[in-house]
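Student: Input sequences plus hints: build the corresponding full structure.
Using my numbering, the first residue of the first sequence is number 539, and each one after it goes up by one.
Read the hints as simulated data drawn from the structure, not as lab findings. By construction, the Cβ of each residue, glycine as well, lies at the ideal position given by its N, Cα and C atoms. There may be inaccurate statements among the hints.
Quick list of the computed label-pair ranges, beta carbon to beta carbon [said to hold, decoys possible]:
no. : residue 1 : residue 2 : range
1   : G613      : A545      : 28 to 36 Å
2   : A738      : P602      : 32 to 40 Å
3   : P683      : T611      : 19 to 27 Å
4   : G582      : G650      : 37 to 45 Å
5   : R595      : G724      : 18 to 26 Å
6   : M721      : M614      : 19 to 27 Å
7   : S722      : E681      : 30 to 38 Å
8   : R595      : Q736      : 21 to 29 Å
9   : M721      : F610      : 16 to 24 Å
10  : R672      : A545      : 20 to 28 Å
11  : G727      : G676      : 31 to 39 Å
12  : T651      : T611      : 18 to 26 Å
13  : R655      : T593      : 28 to 36 Å
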Amino acid sequence: MTDGLSATFFERPVLDVARDLIGCTFLFDGVGGRIVETEAYAPGDPASHGYRGQTARNAVMFGPPGHLYVYFTYGMHFCANLVCEANGVGAAVLLRALEPTVGAERMAARRGTAAPRQLCSGPARLCQALGIGREHNGLPVWEPPITVLPREGSDPAATPGDAAELPPMPPEPQIVTTARIGMSAGDDGRRWRFVDAQSAFLSRGLRDNGV
DNA sequence: CCAGTGATTCTCT
DNA sequence: GAGAATCACTGGC
539 MTDGLSATFF ERPVLDVARD LIGCTFLFDG VGGRIVETEA YAPGDPASHG
589 YRGQTARNAV MFGPPGHLYV YFTYGMHFCA NLVCEANGVG AAVLLRALEP
639 TVGAERMAAR RGTAAPRQLC SGPARLCQAL GIGREHNGLP VWEPPITVLP
689 REGSDPAATP GDAAELPPMP PEPQIVTTAR IGMSAGDDGR RWRFVDAQSA
739 FLSRGLRDNG V
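Tutor: Have a look at this one:
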């Protein structure tokens, strides 16, 4: 099996992990792509599900790093997060968008559209496209059906055939930070959304940026 | 712009 | 325990 990311990658400050995940590859049951958009939810962050302490719903967030935290919202959508920081700390990175590289046909079937930017661009779309649901809450990301590959060794299965051709993807993502999406109250100036500015697969375009 | 949809959590009895 | 408010979204007007 290919070397994927392990617990030590996730047992770090959640902002660092959210940034470093951009350009990595996330696969679920052999379907997925390159991570182009994430959001960090930190300890002490009023927008985080963990802000008011551990509950049955958010328990996985407080568990060991490197596990999948899946939650159900708005009566119809699932969203997937990767748990970060030490065991006992409530922190996670929301996966907001992938650039599809593997299994686009299966994604299209589940999503009901073949438009590439409608497959994985958005946290609930991503879960629907990859078939992620409540039953996957708490799974470790280094065991099947999940694979998270580091940025350098981008997915070998994505480009069958000649490796001599020039890769269509840029080698390094151009990472830009923005405010997070969908915060009902103000977000206190946090810029905890991380995107690859060169990607055409973001859930929404770039607005404010900079540091 | 706004409605759908239902689990979860908060705020009282 | 019951009732209400909220919700890290999406698709269709």
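Student: Does the Cβ distance between R595 and G724 fall inside 18 to 26 Å?
Tutor: holds (24 Å)
Student: With 18 to 26 Å as the target window, see if T651 and T611 comply at their CB atoms.
Tutor: holds (21 Å)
Student: Can the suggested window of 32 to 40 Å be confirmed for the beta-carbon pair A738 and P602?
Tutor: holds (35 Å)
Student: 28 to 36 Å was suggested as the range; check whether the CB atoms of G613 and A545 agree with it.
Tutor: At roughly 34 Å between Cβ atoms, A545 and G613 fall inside 28 to 36 Å, so the hint holds.
Student: Is the distance from the Cβ of G582 to the Cβ of G650 consistent with 37 to 45 Å?
Tutor: This hint holds: roughly 39 Å between Cβ atoms.
Student: For the range 20 to 28 Å, tell me whether the beta carbons of R672 and A545 fit it or not.
Tutor: holds (23 Å)
Student: Is the hinted range of 19 to 27 Å satisfied by the C-beta distance from P683 to T611?
Tutor: Holds - the Cβ-Cβ distance for P683 and T611, about 23 Å, lies within 19 to 27 Å.
Student: That 16 to 24 Å hint for M721 and F610 (C-beta), does it hold up?
Tutor: holds (19 Å)
Student: Between R655 and T593, does the C-beta distance stay in 28 to 36 Å?
Tutor: Because 35 Å falls inside the window, the suggested range holds.
Student: When you take the CB atoms of G727 and G676, is the distance between them in 31 to 39 Å?
Tutor: Cβ of G727 to Cβ of G676: about 33 Å, so the range 31 to 39 Å holds.
Student: Hint says 30 to 38 Å; check whether the CB-CB distance for S722 and E681 agrees.
Tutor: The hint (30 to 38 Å, Cβ to Cβ) holds, given that S722 and E681 are roughly 36 Å apart.
Student: Take the C-beta atom of M721 and the C-beta atom of M614, compute their distance, and say whether it sits inside 19 to 27 Å.
Tutor: holds (20 Å)
Hint compliance for this structure: hint 8 is the single one not met.
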